[in-house]
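Q: The lines below spell out each chain.
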Amino acid sequence: MTARVGIVTFPGSLDDGDAARAVRRAGGHPVPLWHGERGLAGVDAVILPGGFSYGDYLRCGAIARFAPIMADLIPAARAGLPVLGICNGFQILCEAHLLPGALTRNSGRRFISRVVRVRIANAGTAWTAGYERGQEVALVLKSGEGAYVAAPATLDALESEGRIVATYTGGNPNGSARAIAGICNEAGNVVGLMPHPEHAIDPLTGPGADGLAFFAGGVRAPVAR
Amino acid sequence: MSTAAAAGAVDTVAAAAITPERPQPFAALGLTAGEYTRIRTLLGRRPTDCELAIYSVMWSEHCSYKSSRAHLRQFADKAPRTDALLAGIGENAGVVDVGHGYAVTFKIESHNHPSYVEPFQGAATGVGGIVRDILAMGARPIAVMDALRFGPAAAPDTARVLPGVVGGISFYGNCLGLPNIGGELAFDPCYSGNPLVNALCLGVMRHEDLRRATATGEGNKVVLFGSGTGPDGIGGASVLASASFGGGESAKRPSVQVGDPFMEKLLIECCLELNAAGLMVGLQDLGAAGISCATSELAAHAGTGMAVRLDEVPLRDPTMSAAEILMSESQERMMAVVKPGDVSEFMAICERWEVPATVVGEVTGTGRLEVSWHGEQVVDIAPETAADQGPVYERPARRPAGQDRLNGDGPQHLTRPATGAELRDTLLALLSSPELADRAWVTEQYDCYVRGETVLAAPHDAGVVRLHEDSGLGVALATDGNGRYCRLDPYAGAQLALAEAYRNVAAAGARPLAVTNCLNFGSPEDPSVMWQFIESVTGLADACATLGVPVTGGNVSFYNQTGERAIHPTPVVGVLGVLADVRRALPSRFTRPGAALVLLGSTAQEFGGSAWAHIVHGHLGGHPPTVRLAAERALAQVLGSAAWDGLLEAAHDLSDGGLAVALAEACLAGGQGCRVSLPGDPFTLLFSESGARMLVAVAPGAEGAFAALCEAGGVPATTLGTVGGPGIEVTGEFSVSLGELAEAHREVLPALFSG
Amino acid sequence: MTEGGQVTRIIVDVMPKPEIHDPQGQAVARACQRLGFGEVTGVRQGKRFEVELAGPADDSALARVRELAAELLANPVTEQFTVRED
Amino acid sequence: MTEGGQVTRIIVDVMPKPEIHDPQGQAVARACQRLGFGEVTGVRQGKRFEVELAGPADDSALARVRELAAELLANPVTEQFTVRED
Ligand SMILES: Nc1ncnc2c1ncn2[C@@H]1O[C@H](COP(=O)(O)OP(=O)(O)O)[C@@H](O)[C@H]1O
Ligand SMILES: [Mg+2]
Chain A
532 MTARVGIVTF PGSLDDGDAA RAVRRAGGHP VPLWHGERGL AGVDAVILPG GFSYGDYLRC
592 GAIARFAPIM ADLIPAARAG LPVLGICNGF QILCEAHLLP GALTRNSGRR FISRVVRVRI
652 ANAGTAWTAG YERGQEVALV LKSGEGAYVA APATLDALES EGRIVATYTG GNPNGSARAI
712 AGICNEAGNV VGLMPHPEHA IDPLTGPGAD GLAFFAGGVR APVAR
Chain B
2 MSTAAAAGAV DTVAAAAITP ERPQPFAALG LTAGEYTRIR TLLGRRPTDC ELAIYSVMWS
62 EHCSYKSSRA HLRQFADKAP RTDALLAGIG ENAGVVDVGH GYAVTFKIES HNHPSYVEPF
122 QGAATGVGGI VRDILAMGAR PIAVMDALRF GPAAAPDTAR VLPGVVGGIS FYGNCLGLPN
182 IGGELAFDPC YSGNPLVNAL CLGVMRHEDL RRATATGEGN KVVLFGSGTG PDGIGGASVL
242 ASASFGGGES AKRPSVQVGD PFMEKLLIEC CLELNAAGLM VGLQDLGAAG ISCATSELAA
302 HAGTGMAVRL DEVPLRDPTM SAAEILMSES QERMMAVVKP GDVSEFMAIC ERWEVPATVV
362 GEVTGTGRLE VSWHGEQVVD IAPETAADQG PVYERPARRP AGQDRLNGDG PQHLTRPATG
422 AELRDTLLAL LSSPELADRA WVTEQYDCYV RGETVLAAPH DAGVVRLHED SGLGVALATD
482 GNGRYCRLDP YAGAQLALAE AYRNVAAAGA RPLAVTNCLN FGSPEDPSVM WQFIESVTGL
542 ADACATLGVP VTGGNVSFYN QTGERAIHPT PVVGVLGVLA DVRRALPSRF TRPGAALVLL
602 GSTAQEFGGS AWAHIVHGHL GGHPPTVRLA AERALAQVLG SAAWDGLLEA AHDLSDGGLA
662 VALAEACLAG GQGCRVSLPG DPFTLLFSES GARMLVAVAP GAEGAFAALC EAGGVPATTL
722 GTVGGPGIEV TGEFSVSLGE LAEAHREVLP ALFSG
Chain C
-5 MTEGGQVTRI IVDVMPKPEI HDPQGQAVAR ACQRLGFGEV TGVRQGKRFE VELAGPADDS
55 ALARVRELAA ELLANPVTEQ FTVRED
Chain D
-5 MTEGGQVTRI IVDVMPKPEI HDPQGQAVAR ACQRLGFGEV TGVRQGKRFE VELAGPADDS
55 ALARVRELAA ELLANPVTEQ FTVRED
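Protein chains in written order, with my numbering: chain A, 532 to 756; chain B, 2 to 756; chain C, -5 to 80; chain D, -5 to 80.
These are computed hints drawn from the structure, not numbers from a lab.
Positions of the beta carbon are idealized from the N, C-alpha and C atoms, including for glycine.
Capping the alpha-carbon separation at 27 Å, the derived lysine-lysine pairs in BS3-like fashion look like this:
1. D:41 <-> C:11
2. B:222 <-> B:340
3. D:41 <-> C:41
4. C:41 <-> D:11
5. B:79 <-> B:67
Derived CB-CB ranges, DEER-like:
6. C:13 <-> B:319: 39 to 47 Å
7. C:1 <-> B:353: 28 to 36 Å
8. C:24 <-> B:744: 22 to 30 Å
9. D:73 <-> C:24: 15 to 23 Å
10. A:560 <-> B:708: 46 to 54 Å
11. C:49 <-> B:390: 52 to 60 Å
Chain D is faced by these chain A residues, among others (derived, beta-carbon under 10 Å):
12. 586
13. 588
14. 593
Just chain A, same shape as in the assembly (with noise of 0.2 Å):
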């Protein structure tokens, strides 16, 4: 049976359209959803896709972290349903304490649109689970606030528990914390990413197709840890 995908939008989301065509192009089924009502209508697995959920006012994800959508999202993702996050929603994560730490304005201070290469640190994640370790991607980052602080404790103890799910390499590109470009929860079911895996799923597009697995990875079942 296809996997029912859900995909919210968010007022000032902008990669939702994005995400539900990575979704059909890996095999599942996109299921919108909106920030405004409640229920998950049953969906199998959720991203929360990029953009500038309320314009990034305040700190990007604060105030989508309160839409009344999230009141079911949060513990349907603390039981296990499996969550990807993906730039606004990584940082909405983050917002919503189910990823620790925070995603902060870039080291340089500017908005950064490349290319960049990922290394999947963590293949063991809902989301992960269709790559190699260690594996090398190419994906999209584009964002003014991407880098990765937590505390130095929580940083320890993402790396000691196998939680930092990709690193940037050849360069850090915004000044996260330990070249951090994506995470997971202990459970490894909530995943938050900083690029863009939906934007690398079509050489005509983008910069190539590694990221189509990241949605062939939450289509599947998620797998228990």
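With chain A's structure known, arrange chains B, C and D with the ligands on it following the hints.
A: Relative to chain A, chains B, C and D with the ligands alone:
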């Protein structure tokens, strides 16, 4: 809010009728004595403060095109016949049929002066304004471009203005989710104190979604939606306040407008949903002249009347006067005409998108624009007198005194590189000049990936976006303009700008279809500038006729000057082309070793206004390259066929810096070197800027078929060599590694602007 | 803004926690040095909010704004805040 | 931050000018309302910098930071700032 006080102080229609002698500050509002008299004649009495406010903004150069209109007519009069045009000049933006039931709309507009005052917000609101123009046609905005010009790269003021402008475009465009698919960046001392910030937006719609700015249907409601109205961009109106109330009443007014891209994003989604639900009879964006413009244009276009209650307008600042509300340029607002029975559904959709919306009036059958303020009538005019019957001036024009001397001082006396080593140094000097250096520092601040439809963006010759996933239908867009060429010859310069944009679109394999333009000039009151303007418009209109591409819209920006010194005449031309299948679009970079490199077109010694003369010698004189429109057309046809037949792997047009710079760009972008031999004078072949030329990489095995195609199309083709190798090797002259080229090319803008 | 009644203004200062790396503050500090302000040894960048409330400036107003700051204005993971009357 | 010597901390508050449109503050105010803080009638959001200087906290230090604020930390067209000792 002190209603009684505000109402008591307001200048009403009744009061105006009985106090004809009251002095009015028309000059401070930018109206001439003649224009003021004309208003009095039209009304048969003196205008009220509010009416004066409306005429002053509607008859401004910016809104009425009073100095340019007589000449812009040529675009319509000489336009080639085409069935593709669904809406042309006179609408918010032109609309072009591209097949499969799709139409696209695109337009370029300036925000030069605001971007000098406050670069970040000025540029940001420039993007916001042009996006609303596209939205007002009923289209979904799908891409933006930006054409930028600044003073010398190393000037302190450029370090202030450029990063702010780029940051503002990045902030606003990225936040709207519109991919930036290209643009321009140029530096010249003539733009010191007068940067040019021209923003283009592209939109797409199904034919049936086309909307026009018209208020039909007596009894229909007029709805204002989007941001609240604040005291933005009403410098002039404060004059009225102080004249009426003896000053001291009006609060401090902001010097700049601040954009809210988040509200604009909501406004876009909200408008598209309203349109899809069929809830709008008419739609208009609020740009310059705000409510004055929207109400008078909506009513004038429909030949109806409109009654507006100004006190219904939601205000950000309750101290605003009626005239200020009429003139406010607050951003992120739209006005719709809605059937009474549809209002509640309209409001529900606005609410879902959290977009404030208010009914502010009704369409009437009176033929008058009637505005009330707390029950008093403050405006009663025929809307077309404000919207369409502004003054039209035939301003004096004279060829500038120094023009002959400038044209006589050609580049032939400039020292040319003679040896291979000197040619090599010249290439590096050009590549490492801010004028031709890598633009990644700018373009990496723009999201070109969002929406997932961008096939080509910077650094390719044209931006290409897909419209329809199944068929692969898409469009290509490029903008160009060369102020130096136009300074030497504004007629030819405008044609060369068109030719280059047309060529860039052709380089992607697209069929050029339509044109937009932004005419950036000095003061129209200067006869020399007026001459430049008329020459440029005439040149562009003539070339459009020859190339068979109509002008569908554009914008004029006058008064780009510091004191007496005007900028170079700078018409920026945008060309839109169509691709039946974007999977066949050609990139501008060499990626496959072994492909044959072929130069299309013929090269003459043409160095007037060239990058070489400018960068190496600081020289501007002589004549620009010859305009060769028939050759451009033949070239575009060959490219279109070759791309469709899959004969080419890459194409890069030749422009600033000639073949040498084109080779280096295509090699650097693709990470491949090349080996070439030059059949003729190396300097001329490498650095001349003759038009109608392109560099292509032929798909291995297709050499014969491509040569035959060129022959049949009458396009000269010269095989130069092949792609591949560690750098550029010019047989018998020089070689230079990709590493050295990259270093020269890529560090320039970061070193200047990464502070 | 409001029709009559008392208006209280409360200031909320939000700063990155000291143990949190502040790349933005560091970038500003570097820019200071480049601009010739060599005596600048460090910069931290945070946010300042001016919150206007209907009602009197009493303890309960401060308590409410403290709640607001903890919930919305500051991210407790990376930021700390102070609340005071203007 | 510095090894030995005196360190002075100066606070620079940067706020949008009152007459300038502040969509960010408005968005935050709306979020407050939605979160049940109905008494919030307005929010303005600005920046707060803590600048550490080598040397004593005298008038010249304040003057230097004022210069720095005008040049780098604030945008004089849209923002206003205040400088004070911590
Ligand atoms: N240089 C030009 N070339 C062609 N059309 C122009 C030019 N300048 C203005 N126009 C047309 O005149 C009309 C009014 O222009 P403008 O005032 O910029 O539009 P808007 O009112 O939407 O801001 C538009 O249809 C525009 O396309
Ligand atoms: Mg318009």
